[in-house]
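Bring the two chains, given one by one in their own frames, into a single complex with the hints.
Protein chains in written order, with the numbering used here: chain A, 1 to 145; chain B, 1001 to 1141.
Hints in this document: simulated from the structure, not taken from any laboratory.
Sample of chain A residues facing chain B (criterion: CB under 10 Å; computed from the structure):
no. : residue
1   : Arg22
2   : Asp64
3   : Ser65
Distance condition first, Cα-Cα at most 30 Å in a straight line; then the derived BS3-like pairs of lysine-lysine:
no. : chain 1 : residue 1 : chain 2 : residue 2
4   : A       : Lys81     : A       : Lys68
5   : A       : Lys113    : A       : Lys68
6   : B       : Lys1106   : B       : Lys1081
7   : A       : Lys28     : A       : Lys68
8   : B       : Lys1052   : A       : Lys113
9   : A       : Lys28     : A       : Lys70
10  : A       : Lys68     : B       : Lys1052
11  : A       : Lys70     : A       : Lys81
12  : A       : Lys81     : B       : Lys1052
13  : A       : Lys113    : A       : Lys70
14  : B       : Lys1081   : A       : Lys68
15  : A       : Lys81     : A       : Lys113
16  : A       : Lys28     : A       : Lys81
17  : A       : Lys28     : B       : Lys1081
18  : B       : Lys1052   : A       : Lys70
Bear in mind that the values here come from a model prediction, so they are computed numbers and not experimental data.
Yeah, the Cβ is synthetic: ideal placement off N, Cα and C, and Gly gets one too.
Below are the chains, spelled out letter by letter.
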Amino acid sequence: MIDPRWIRHVLPTTTFEIERARLRFFAKAIGETDPVYTDQAAAREAGHPDLPAPPTFLFSAEMDSDQKLKWLIEADIPLSKVLHGEQTFRYHRMVYAGDVVSVTSRIMDIYQKRNGALEFVVFDTQIARGEQAVCDSRGVLVIRH
Amino acid sequence: MTSSAYQRISLGSQIAALTLPPVDRTTLALFAGASGDHNPIHIDIDFARRAKQPDVFAHGMLSMAWLGRLLTNWMPQAQLKNFTVRFQGITHIGHVITCGGTVAEKLEIDGLPSVRLQIQTTNQYGETLVAGEAWVAFPAT
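This is chain B alone, in the form it adopts within the complex (with noise of 0.2 Å):
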């Protein structure tokens, strides 16, 4: 994105938002395979409910994952220099996640003009279950 980009985005403005399919047991057993986190509790449902869990859920990393494509797909990655997000709520099986994001604000960081986001994943019952942000910084003028 060119800086005349940057001068285009106004604050308030939403990015386009990624819906995902909703949640079943082969995404999450391909995550825990890809992503190396082989936690039971996501992939195994005698052991989640030998944790008191209804059934499995769905890995918090994957959740990030899906944000970093609504990112990925509204700027160039390089541009991208921090993330972060606090997983509130379980993301379960069945649930149809929609990622999306807000811009927060406009400033410089390390010299750069840098755009705030606020991003969130939000289930069909209109629960945000991971919220967050992201620094994205755009060529220097």
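Excised from the complex, chain A in its bound form (with noise of 0.2 Å):
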């Protein structure tokens, strides 16, 4: 059972550098077509000051933070029984390529259900360029054992 100790424990903040390149390869892993998302004249045409992160791409800001990872270690749950149960974005303004966002999650809740044959983590991050918040995350996790 994870220690509800952990409830409010607030994750090292990281900062994450949106790249140009890696926002054309997410692109083409996930098949995108609308040329917004890869060629910067049709970014320009559409109003963008540079290619735009797409509406799920800071995720990937939260995972190269490895904060989550490091503390599913600390709390000595294996990744082999962890899912992502559900995930919700809730947007304040766009960020492009060139753009530099910090990355703070927190642990929002820990419960169980089926008398502790799955346990949940709850987390919520902010993710913010500058003094602007951009992007509110929450993603809860579930340990299967």
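Structure follows, in structure tokens:
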């Protein structure tokens, strides 16, 4: 059982640079065909200053920060038991290639179902560009025992 | 999309669906690299079998990224305010995924005419694997 003392624990803030090459790689991986996401001229024509980060891209900032993975190791939760249960993004503004964002995750809740056969960890992550909030992300991990 | 476009959106109507090629291992490897989710359960069959899975399976966030494509095909991304999903079932190698969305509600959010879409991914067997909703805002009239 995951120690409930972790509730409200804040993971270290990291920074993430949004790179054009990474955005193009992401677009390729998801089969994106809209040139706005890969071609700077098309992006500018659509009114963007540079290639936009697509709606779920900022989850890569959470992955690259590696803080959740480090926490799973510290909390002795094997990765092989972990599934992604839910994910929510609340958007405040778009971000673009060249932007640098900060990523801060905190553990909002830990609970269990089926007499502990399933445990749940709720992470809230705030992504900001300088002082501006960009996106609030909530992820629920499921640990299957 | 303009405010007159908003007037024309009818409750219960469906937005243009998006069907993906069958899920293969190359896609999962590329998505692991591009997304930064290097969990071996999605790319290493030996690890997956040790974890008592029959095979590797797709990242949940790959399905959510496809749903993101569904949404940005329908309207400019800046109009997307809220995007939420539950990962209900595993997306396996060989699944042919279709993303779909239905206009569930027209309402005002933060003073802007908005639409709540119900969205989901289904495989070729008609099983819903990822389900959720998106809130999309339109310019004030």
